[in-house]
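Student: Now for the letters of each chain:
2 protein chains.
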Amino acid sequence: MISYDDFVKVEIKIGQVLSVDLVEGADKLLRCMVDVGDVDEAGNPVPRQILSGIREYLDDPQSLVGKKFPYVTNLAPRVIRGLESNGMILAASHEETLGLLVPSADLPVGTRVK
Amino acid sequence: MISYDDFVKVEIKIGQVLSVDLVEGADKLLRCMVDVGDVDEAGNPVPRQILSGIREYLDDPQSLVGKKFPYVTNLAPRVIRGLESNGMILAASHEETLGLLVPSADLPVGTRVK
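If you read the sequences in order, they're chains A and B.
To convert, note that position 55 of the first sequence is 54 in numbering that gives the first Met the number 0; the numbers rise steadily by one, no gaps.
To convert, note that position 55 of the second sequence is 54 in numbering that gives the first Met the number 0; the numbers rise steadily by one, no gaps.
To be clear, the hints were calculated from the coordinates, so they are not data collected in a lab.
Be careful, since some hints might not be right.
For identical chains, the list gives no copy identity; a pair is met inside one copy or between any two copies.
[As the list claims (entries may be wrong)] Derived BS3-like pairs (lysine-lysine); straight-line CA-CA distance at most 30 Å: (1) K66 to K8; (2) K113 to K66; (3) K8 to K113; (4) K27 to K113.
Whenever a hint applies, use it, and build me the whole structure from the sequences.
Tutor: Next up, the structure:
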């Protein structure tokens with residue numbers, strides 16, 4: 000059991016996939032640039048590189064481009080195959096099936112999931 | 000920033016809404032019975048009562064019945080308006096708009112989201 004405070008430590012936000020690239024030599028990985036609502040001093044979006052191990056489930060990884068999904072946005076960066084990942088997509092899989100979590104309405108990037 | 004271990008302490012599972020009731024005197028609340036994969040010794044499903052503050056966003060709360068959504072399943076129980084809630088739906092809202100998180104594929108109840 001956890002407390003509500005434990006839960007809210009985990010920051011989950013709506014992000015939009017801007018681009019998807021395969022990672023050479025890593026059959027399961029996708030390297031995505033994702034807008035999770037970060038902006039620079041001038042207010043311009045600053046996308047993050049986020050690696051996701053979902054390639055094997057997808058017929059067409061490019062179909063993710065433009066879509067919005069929930070991402071954990073305050074995980075310490077992790078280096079995978081020499082690439083830094085600054086977040087994690089929230090999804091569920093069972094056997095060969097991947098369930099991405101699709102917002103039922105269009106929400107702005109950076110909207111908190113709670 | 001949090002660690003991956005902090006994240007996995009939060010148990011998020013796919014649950015299916017079995018019934019939805021309004022809560023008298025509480026305009027924002029819905030009382031749902033949700034199958035998140037719990038079973039008794041005989042293997043029969045044991046639904047949980049979960050309260051969600053999403054009523055004001057929905058034209059027809061009964062439209063939730065049968066749908067699957069991600070739920071935080073290891074939160075300490077909370078009593079709201081005298082009713083115990085044993086979990087929390089994960090969703091995002093912006094102004095008047097609620098985004099429920101709809102799995103893109105049919106996954107069994109109890110599937111872990113991570």
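Student: It remains to establish, for every hint, whether it holds in the given structure.
Tutor: Tested hints:
In this assembly of identical chains, K66 and K8 lie within 30 Å of each other by CA distance both inside one copy and across copies; the values are 25 Å within and 28 Å between. Proximity of K113 and K66 under a CA criterion of 30 Å is satisfied in both settings, with 20 Å inside one chain copy and 19 Å between copies. For the identical chains of this complex, K8 and K113 are neighbours both inside a copy (11 Å) and across copies (16 Å), given an alpha-carbon limit of 30 Å. Within a single copy, K27 and K113 get their C-alpha atoms as close as 29 Å, and across copies as close as 16 Å, so both meet the 30 Å cut-off.
Comparing the model with each earlier hint shows no violations; every hint is respected.
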